[in-house]
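Enquirer: If you want the building blocks of each chain, they are given just below.
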Amino acid sequence: MKEKRIVINENKTNRRVAYNKIGRVLFFLSTAFGMIVLATLLIRIFTQGIGYLNWNFLTNYASRRPEDAGIKAAIAGTVWVMGITIPVSLILGVGTAIYLEEYAPRNRLTRFIELNISNLAGVPSVVFGLLGLTVFVRFFAMGRSILAGGLTMSLLILPIIVVAAKEAIRSIPQEQYEAAYAMGATKWQIIRTVVLPAATPGILTGAILSLSRAVGETASLLMIGAMAFIAYLPDSIYSSFTVLPIQIFNWAGRPQAAFQAVAAAGSIVLLVILILMNSLAIVIRNKYTKRY
Amino acid sequence: MQPTIRELIKEKKQARSSNSRIEKTMPKVFFLMAAFSILVTIGIVYTLLIETFYFFTQVSFVDFITGTEWYPFFGNDPSFGIWPLVSGTFTIAAIAMMVAVPLGLSSAVYLSEYASERNRKIIKPILEVLAGVPTVVYGLFALTFVTPLLQSFIPTLPIFNALSPGIVVGIMIIPQVASLSQEAMNAVPQAMRDGAFALGATRLEVALKIVIPGSLSGIISSLVLALSRAIGETMIVATAAGSTPNMGFNPTESIQTMTAYIVQVSMGDATFGSTIYYSIYAVGMLLFVFTLLMNIIANYFSRRFREVY
Amino acid sequence: MKNQESEKLIYSVKDFNLWYGDTHALKDISLDIPHKQVTAIIGPSGCGKSTFIKTLNRMVELVPSVKMKGDINYKESNIFDSKSSVETLRTEVGMVFQKPNPFPKSIYDNIAYGPRIHGIKNKTILNEVVEKSLKGAALWDEVKDRLNENAFGLSGGQQQRLCIARALAVEPDVILMDEPTSALDPLSTAKVEDLIQELKKDYSIIIVTHNMQQAARISDKTAFFLNGEVVEFDATEKMYSNPNDKRTDDYISGKFG
Amino acid sequence: MKNQESEKLIYSVKDFNLWYGDTHALKDISLDIPHKQVTAIIGPSGCGKSTFIKTLNRMVELVPSVKMKGDINYKESNIFDSKSSVETLRTEVGMVFQKPNPFPKSIYDNIAYGPRIHGIKNKTILNEVVEKSLKGAALWDEVKDRLNENAFGLSGGQQQRLCIARALAVEPDVILMDEPTSALDPLSTAKVEDLIQELKKDYSIIIVTHNMQQAARISDKTAFFLNGEVVEFDATEKMYSNPNDKRTDDYISGKFG
Amino acid sequence: DGGNTEDTGSEDTETEGTAEEGTGDISGSVQIDGSSTVFPILEAVGEEFSIAYPDVQATIGISGTGGGMERFIAGETDIANASRPMKDEEAELLEEAGIEFTEFQIALDGLSVVVNSENDWVDYLTLEELAMIWLDSSDVETWADVREGWPDEEILLFSPGTDSGTYDYFDEVILDGEQIDRQATLSEDDNVLVQGTAGSLNGLAYFGYAYYAENQDTVKIVPIENSEGEAVTPDDQTVQDGSYEPLSRPLFIYVRNDSVSEDDAVYEFTKYTLEMAGEMASEVGYVALDDAIYEENLELLESLR
Ligand SMILES: Nc1ncnc2c1ncn2[C@@H]1O[C@H](COP(=O)(O)OP(=O)(O)OP(=O)(O)O)[C@@H](O)[C@H]1O
Ligand SMILES: Nc1ncnc2c1ncn2[C@@H]1O[C@H](COP(=O)(O)OP(=O)(O)OP(=O)(O)O)[C@@H](O)[C@H]1O
Ligand SMILES: [Mg+2]
Ligand SMILES: [Mg+2]
Ligand SMILES: O=P([O-])([O-])[O-]
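Protein sequences appear in the order of chains A, B, C, D and E. Residues 4 to 295 in this note's numbering are what the first sequence spells out, letter by letter. Residues -9 to 299 in this note's numbering are what the second sequence spells out, letter by letter. Residues 446 to 702 in this note's numbering are what the third sequence spells out, letter by letter. Residues 446 to 702 in this note's numbering are what the fourth sequence spells out, letter by letter. Residues 11 to 315 in this note's numbering are what the fifth sequence spells out, letter by letter.
For the record, the hints were derived by calculation from the structure and aren't laboratory data. All C-beta atoms in this analysis are idealised placements derived from N, C-alpha and C, irrespective of residue type, glycine included. Don't take each hint at face value.
[Stated by the list, open to error] Taking lysine-lysine pairs in the BS3-like style, the calculated list, with each CA pair at most 27 Å apart, reads: (1) A/K190 / C/K512; (2) D/K544 / C/K544; (3) B/K111 / A/K24.
[Claimed, not checked] Across the chosen pairs, the derived CB separations fall in these ranges: (4) A/Q177 / B/G33: 49 to 55 Å; (5) B/V35 / C/S530: 41 to 47 Å; (6) A/N110 / B/K111: 36 to 42 Å; (7) E/S37 / B/K111: 52 to 58 Å; (8) E/D133 / B/I116: 50 to 56 Å.
Take these sequences, add in the hints, and give me the full structure.
Expert: This is the structure in C-alpha cells:
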C-alpha cells in the first residue's frame, strides 16, 4: 500500500483559493480602468461640446463665429478622401491577401513580402505623411488634393487590410476547399465561389476597423497640408479638402474659448462615427463567425 | 440514366479556353498587388534616403548621431544632435509602457481566463474603442484634463510635460496589448489548462504558470508592437508634451519627440530645400529604422509563439 | 454478392508509393478496384486510408510536400497523364468526406455548385439536376420545401446526404467516401448505409471506414491497410470469416486500433 | 474478478442531471462506482461519456453554460458541498485525457507541477515523487536519462504515460481516463492497458472508451450510456456475454455507433 | 494648380455690379495660403465671400508666413498672407519665377507680451529687458536677473515657431536678428503659447493680439515701454495711432498680378477682402487700418485689371 507523501493542507489550499480571488479582482479592476478612462473622456467631451451640437453644426461650413461653425466641408472632405481610400486599399489589400494565402509558394520572396507588410503596418503615420508629401503632393504634382490625401491614407491602412483579409481567408476551413476541389473546381473558381464569399465578413470587419483608423487620422494629413478653411464642397478629386480631425485640431488651436467647445462638438461627431463603425464591425463579426 | 449533365459538361469544357486564360492571369495580377507593398516600402526608403542624404551634406553625420543639442530653428547657430528627440521619444514610450503593460496584460488575463464569454464579448469591443479614439481627441484630453489633474498632485508640474501625454499614449495602447496578448493566451490549448485544472490548480495558478508562459512570445510580440505604436504616436505628444527638445528622461519636463518634430516642421512648412526641411527626413528615417527594428523583433517572437504547439 | 460485372475494373493501382516529405505513407500499393461495387478500406488510424482514397482523385496533391511514384489507372488511362486535367478527373470521381462539408449557401446552390462551375447556367436544367440529385441521395422529401434555406441548418446526417447529392449532381462514375458516417448518429448512419447500397447500382463506391461491422454490412470487397501497406484485399465475406493474415484477424477481432 | 473489497464505493451518483444550455446531456444518472476497480464507460459518440466523467472531478463546470441537478457522493460526501474546495477534489481525483496534454515544460517539471502548486518545493521530495510517479506509469526506464528534455519530444504513447505519471504525482485516490488510448498506436495502447491493470491495485479507475474490446479486456464493471442515459451497468463479463438490454447487445455487436 | 480656371465670360464692366448684388455668377477657385496670424481675417472674409459667391471655391491654408511665401513662389497659390513684409530673398525668387505681385496691407496687429495671471510682480517691461530675457546670449535666467526684487525663479519662455511671421518680426525688432533663447518652447500653435503661459506661474510669451483678447482672464498683458519712455498696453487705440511701438506690426496679403487680371474669381476675392478687411479685422481681434488706406488699396487693385 502506498504511503502518502503529499499532504494536502486545507489551510494552504484556502490560501491559494484566496489568492485566486484577489487576482480576479485585480485583473478586473485593471480591465475596468480602461473603461473608466473611456467613460471619463466621453463624458468630458459630451458636456463640453453638446451645446454646439445641433443640425446647423452638421450643415454649416466652418465659421469665425463659434455658434455658426459647422463641419459640412470636413465631413464632405472625409467622405471624398474615403472615396479614394476605400477602393484603392480594399482592392490592393484583398488582392495581396489572396495572393499570399492562395497562390504564393512558400519561399523567400513570399516570406519577405509578408514580413514587409507587417513592417509597413508598424510604420508611424508621420512617415506615411512624409511619403505622401514627397511622392504624391510634390513628385506626382497632385498638390494638396483629395487624391493625394486619399492615396496617402490608402497606403497607411493597406497593411492592416491585408492582415485582416489574410486572417479571414485563413479561417476558412480546409474542408470547404476540399469540397470544391472534389467537385472539379479550378483555383480561380474556388476563390470566386468559396473563398471570397466566406471571407467577406472578415474582410469587411477588418476594412471597417482600418477605415475607422483612417477617419481619425490626423498627423499624416496635416503633413500633406489638409489644414485649411474651406467653405465649399469638393467637386473633384483634385479639390482641396479638410477632414474632421483636422478641423477639430484647427478649432482647438483658436484663441476663443468657445471654439474649444466647438472642437469638442466635432470630437463627439467623430467619436460617434467611429463607435458606429466599430459597432458595425462587431455586428458583422458576431453575426458571421463560427459558422462552420 | 442518360448522362445529360455529363455531356453538357464535356461540351462546355471544350468551348471554354478563356477559363484557362483567367486561371493563368489571376495569379500574376494578385502577385503584382502583393509586390506593390514592396514598392511602397521602397518608396518610403527611397524618399527618406534621398532627402536624408542631402541633410547629411549640410550637417555632419557624426554630430547628428552623437549630438545632445537639438536647436534646428536658431538660424545663426543651429545644432542638429538627435539625442534630445530620441530621449524625448523614449521617455514618452517608457511612461506609456509603464501604464500599458500592467493594465493591458491584466486585462488580457481577465478577458482570457476569468471573464465569461458574454462579458468578453462586451468588454473587448469597449476596450478596442480606446484604440479607436482619434489622437487629436486624446491630445486635447491630455492637455486639458490629465495635465491639470496631475498638477493637483504635483503642483510644480509644468503645463507641457512628458508625463501626461505618456500616460495617455499608454491608455491608447492598452487595447493593443490586451487584445493581442489575449489572442496569444487564447491560442494556448484548452487541453493545457485542463491538465492543470485536473491537478487541482486554481485559475490564478493556471493563468500565471501555464497560460502566460505558454503564450510568452505572443505576449512579448504584442508588447513590442505596442511599443512601436507608442514611439510612432504623434498628435498626443505634439499637443501636450510641448516642443522643447530636452535631453534626459525627466517626465516632468517639457520634451519633444521625433514625430512631434516632424509635424511641427511640416505644419510650419519649412522652406523647401532648407536644412530644416531635410532634417525631417533624417528624423523620419531614424523613426523608420526604430519601428522596423521593433517589428522585426515582434515578428521573431510571434513566430516563436506560433511554433510552440 | 459477386456477379459477372464485378470483374470489370474501375481503378487499377500498381506499385504505388507516396511520401509526405520524408514520411512514407503508402508503400507499394497494388489493388484492382471493381466497377459498380462497394470497396471498403479498413485499418487502424494513420495507416494511410485517407491518403490512399485521396490519391484516387488526386486531391492528395493539394498537400505541398507530397511525392508519388507508381501508376494508377482509371478506366484504362493513367490519372497522372498530363493529357487529362485534374478537374475532369475530379468531375468523374466524386468525393464525400468524414465531416459533412456543405458550402454556407442554400441547399439549392450547394447542389447546383458543381454543374454551375462547369458552365451550366440554364435554370431548367439546374432545377432538374437538383431534384434528381436530392432524390438520388434520399433527401428530396425532407428538403424539397426549403431548398433556399442555408444548408447549415440541416442536421449532420442530412448534411452528409446533401454532400452525397452534391457529388451526384455532376453525374460521376465513382464516389469516394472517407469515413462518411463517423460523425453521424446511429439513425443517420443507417440511412447513409442504405443509400450506399442503393447507389452501387449506378456508381462504383470506395469507402473508408473505421467501423468494421459497417464494412462487413455494406461492402463487396475489403482492403485492410496497415502502416501504409495493403495487408489483405479480398471479398468482404472471406476477409471476415477466414482472413489469410494473422494481422487482419487481430485487427478485425479488436486486438488493436 | 470480483472480491470483497469491491463492495466499498468510491462514488455514488444519484439522479444526476446535467444540461449544456438547453441540451440535456445527462439524464437521471444513478451509478455506484466501486473502490479500487476499473469501471468502464462505453457508448456511442455524443452519449455523454465525457460529460459524465468530467463531472466526477467537476471539470465540467469550466463550461460556462453548464447547469446540474442531483447528487454525487465521493467518499461519503457530496462533491458539490461548498465545504470542500474544487481544488482539493481535483487533487484527490486525477484525470487523463484523450489527447495527451503534457505541458510545454521538461519531463521533470511536468511531473513536479502538481506537487509544486501544492507548495512542495523540497528538491529531495520532488525528486522522489518524480521517480516514483514515472515508475508507477512504467515510463521511468525510457526517460530517466532525459528528465530535463521537453515533454513534447516524447512519442504519443510516452506522452500519455507521462500524463498518467503527472496525475499519479499528487497521489490521488481516483484516476479518471477519457479515451486514453484512442490517439495511440497498438503497441502504446497495449502498454497503457497493462499499466491500468497494474494501477488498479492502488487506485480506483474510471475509464471512458469507444473500443468495446478494450473495455472487455481491462474493466471490472461497465456502464453503457446512450443519449445521456445509463442503459445498463453491470459486471463487464455479464454485460458482454449476456446483456439485459437489447440496445446494449446491438451496440456491442456493432449495429450502430 | 490653383489660379487658372476657365473664364466665365463675365467682362470687367459687369464685375462691379455683381459684387454688390452678390448674385455670384462667378465660378472658379482661389488658392490662399500663409500666415496663421492673418488667417482669422481671411477666414472671416472667406466665409462672407462664400455666401456671396457660392460657386467660387476659396481655399485658405495655414502654412505660416514662410510656408505661404514658398507656395506663392512655387506658383501654387494666388494669394499669400503674411504677418511681416516680404523678405528680399523671397522677392528675388518671385522675380526669377516670373511672378509679378502686389502687396496690400490689410490690418494691424499688436504683438502682445503676456505673463501668467497670478504673476503680480511684472508691471511693465522695457525693450532692453525684453531683449535680455529672450536673447540666448544673455545670462538672464530668472526674474531676479531682470529686475531687482523680482522672484528668483526661472522664467519659462513660449514663442511662436520660427516659421511664423510673428517670430520673424519679434526677432527682428526686439532681438535684432540675434539668437532667441534656446530654452524657449516654440510652437506654431498660438493656443499652445496661451496655455503654456496660463499654466505656468513663471511663463512669459508673446503672440498676436487676438489671442490675448480672447484669453484676458487666463493671462495678463505686460505694458511695454516705447521709445518715448511710456509703458503702453496694446489696444485698438494705441495700435492704430502707433503709440504701441515697436510691437505693432502690419499684416499683408500678396496677390499675383496675373491672377487678378485673368481670373475673375481671384479679382473678386481680393476686392472683397480689401472691402471687408477692416471690419473683419476688428471682429476677430485685430486693428483696422485707416479707411483711406483701404480706398487706396482698392484703386491699386483696379489698376491691375
Ligand atoms: N498532410 C500531411 N503531412 C504529413 N503527413 C501526413 C499528412 N497527412 C497524413 N500524414 C501522415 O500519413 C500517414 C497516413 O495518414 P492518413 O491520414 O492517410 O491515415 P488514415 O488511415 O486516414 O488515419 P485516420 O483513420 O486517423 O483518418 C500518417 O502517418 C499521417 O501522420
Ligand atoms: N461544451 C459543450 N457545450 C454544449 N454542448 C456540449 C458541450 N460538450 C458536449 N456537449 C453535448 O453534450 C452531449 C454529450 O457530449 P459528450 O462529449 O459528453 O459525449 P461523448 O459521449 O464523450 O462523445 P465522444 O465519444 O464523441 O467523445 C453531446 O450532445 C454534445 O454535443
Ligand atoms: Mg483518415
Ligand atoms: Mg468524449
Ligand atoms: O503664422 P504667422 O502669422 O505667425 O506667420
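Enquirer: Work down the list of hints and note, for each, if the structure agrees.
Expert: Outcome of the hint check:
1. A/K190 / C/K512: Within the cut-off at roughly 21 Å; holds.
2. D/K544 / C/K544: Measuring from Cα to Cα gives roughly 20 Å; hence the hint holds.
3. B/K111 / A/K24: With a Cα-Cα distance of about 22 Å, the restraint between B/K111 and A/K24 holds, given a limit of 27 Å.
4. A/Q177 / B/G33: 49 to 55 Å: Hint violated: Cβ distance 37 Å, outside 49 to 55 Å.
5. B/V35 / C/S530: 41 to 47 Å: holds, 44 Å
6. A/N110 / B/K111: 36 to 42 Å: For A/N110 and B/K111 the Cβ distance comes to about 40 Å; the hint holds.
7. E/S37 / B/K111: 52 to 58 Å: holds, 53 Å
8. E/D133 / B/I116: 50 to 56 Å: Given a distance of about 54 Å, which is inside 50 to 56 Å, the answer is holds.
Checked against the numbered hints above, the structure violates only hint 4.
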